[in-house]
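Trainee: Listed below, chain by chain, are the residues.
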Amino acid sequence: MFRKTLKNPQAAAGLTLIAIFVFAALFAPSLAPNDPGEINAAAKYLPPDGTFPLGTDQLGRCVFSRLLYGARNSAAIAFPTLLIIGLCGTILGSAAAYAGGVLERVFIVICDIFMAFPSLVIAISLVGALGYGMANIAAAVFFSSWVWFAKVVRTWAAIEIGKDYVTAAKIAGCSGAAALFRHIIPNILPRCLVYLSTGVASIILMVSSFSYLGLGFSAGTPEWGAMLNEAQSNFYAHPELLMYPGVCILAAVMGFNLFGEALRDVVTPEGAGQ
Amino acid sequence: MPSLPRKLVKRAAMLLIVLTGVSLLSFALSAISPIDAAEAFARRSLISVSPEQIDLLRVEMGLDKPIYIQYLKWLGGLLRGDFGVSLITRAPIADDIFARISLTLKLSGLSLLIVAVTSVSGAVICAARKNSPFDHAIRGITVFGLSVPNFWLGFVLLLIFAVKLPIFNVIESGSSLKALILPAVALAIPSGSSMTRIFRATILSEMNKDYVIYARARGLSAHRTLWMHILKNSFPSILTMLCQNFGYMISSCAVLEKIFSLKGLGGYLADAIIGRDLAAVNACVFIVALIFVAVNTLSDIVNARIAPRMAGGVPNV
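Protein sequence lines correspond, in order, to chains A and B. Letter 228 of the first sequence, counting from 1, is numbered 228 in my numbering, and no numbers are missing. Letter 211 of the second sequence, counting from 1, is numbered 211 in my numbering, and no numbers are missing.
Hints were generated in silico from the structure; no laboratory data involved. There may be inaccurate statements among the hints.
Claimed, not checked - Just some of the chain A residues that point at chain B, by a computed CB distance under 10 Å:
# : residue
1 : ILE110
2 : MET243
3 : PRO245
4 : ALA251
From the three backbone atoms N, C-alpha and C, an ideal C-beta is built for every residue, glycine too.
Chain A on its own, in the form it takes in the complex (with noise of 0.2 Å):
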């Protein structure tokens, strides 16, 4: 399968802006030319050169350091949120789906109510509640978000219940749980595995969405959406400031949804299915 995915020229693209995500998330303090925090009130607005890859911004700061570490704090939220959501999203999604009945309904109604509520208030209500700091931020997309998720996990479940292999593992005497974690979960994980590797996608276009908003980061912090917030004040004359930061999020995002996509098309060679 991975061989496959590797051959593939759109999985190729996507795991190269990957790879130079992870890369600039992992090195930023040893790739960055400059602190990202550090104001300097005569160097505003410089034009890139040299000691400034990419000139400064209205406080004289590196835009290149402060766009290395907005890498580093994108992927420190996306990827263990990921973690987590997958981990809860597929146990509950299919449990439930094992389960059926009345907790399957239960199931069901409660991620309706999730769904029907807007993300943006779930994440302000809890980053106004526990305050500024990324766990809080990674709470918040959590809560926003595992229920799709979930929900999505349910629906394979139920439609790999129904499958003879699960009735046969039943009458082997297989028992609720050996049934869910031997067979269900490891045939549902390949697909399972291409919806979180576009989930990080949407997860990281989320966090800079609040951040641009204001929410989750203390000020200062370099992040690319809190740096398109900042820039927006002076978009006129400075139209650049909000081009970098857009254009890194742009290429992060881009990365994922093409490696998952690939992944897709390899692990439903059909193509159908959403």
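On the provided structure of chain A, position chain B as indicated by the hints.
Mentor: Below, chain B without anything else, positioned relative to chain A:
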């Protein structure tokens, strides 16, 4: 198969449960917040406040009561169409929402129209000419559209169409159609992209079904089969997706309303949240959820009418 009235009753009961859940959740979220709404209001409206004044305000606003009493009171008001008074605008919240909701509905409606027209026609052409250059081009464009943050897109559109090419004004007055075009496009691009791909997959999977072979065997042209049969059979799932998308758009209007200086419900909600105007937040959340649920129910009813065999709703696969 249950009869139609019984199904409607079941459906209505579901609606009530979801709406109650949403309102409970929004109350719970406001209850866990450490920011005191009475204090926030006092500090905003008076220059110097004493703790006694804050306590007085709290009693006046009913915030001293336990949360369940507040909820029941709110529920009672809701049944009379009364959401209370906004702490920011000091007008009845129902009036505020009524004044602003038309803009948000117009914006999302226009955006949905753009999404529906472009995604359905794009998907049909892509599916009909699978793996053609057009299909690949659309695939590339939609990956881009899926990945672009819509608030950034709003700025880029402003920069191109209001600053570099002065076709639009940066701040359009009122809620004329012209003022809504750029934000509607910014809102439509991400959802239009995802809809195009989903519809393409839907149409392609319909194409593999037996009735298509039968139609072709009867001598119907490929075109006719596509438009008359495949599209008709794909319609229920397309409608469901579009309606779900409408609900999602309403709640993601807030950021675009802010960028384009429009006075809509989204901006009102954002202001209310930041200003700790809890009554207004709860009311907005309720209205957004109501629209979301209502539109989805509507699509289920339409689907049940045109495709009775799928009356249980469209399978989510």
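Trainee: Under the criterion of a CB-CB separation shorter than 10 Å, is ALA251 (chain A) in contact with chain B as hinted?
Mentor: Holds - the Cβ of ALA251 (chain A) comes within 10 Å of chain B, reaching about 8 Å at its closest.
Trainee: Holds or violated: the hint that MET243 (chain A) contacts chain B, with Cβ atoms closer than 10 Å.
Mentor: 8 Å, holds
Trainee: How about ILE110 (chain A): closest beta carbon in chain B under 10 Å, or not?
Mentor: 8 Å, holds
Trainee: Would you settle whether the hint for PRO245 (chain A) is holds or violated, based on the nearest Cβ-Cβ distance to chain B being less than 10 Å?
Mentor: Holds - the Cβ of PRO245 (chain A) comes within 10 Å of chain B, reaching about 8 Å at its closest.
In the structure shown, no violation is registered for any of the earlier numbered hints.
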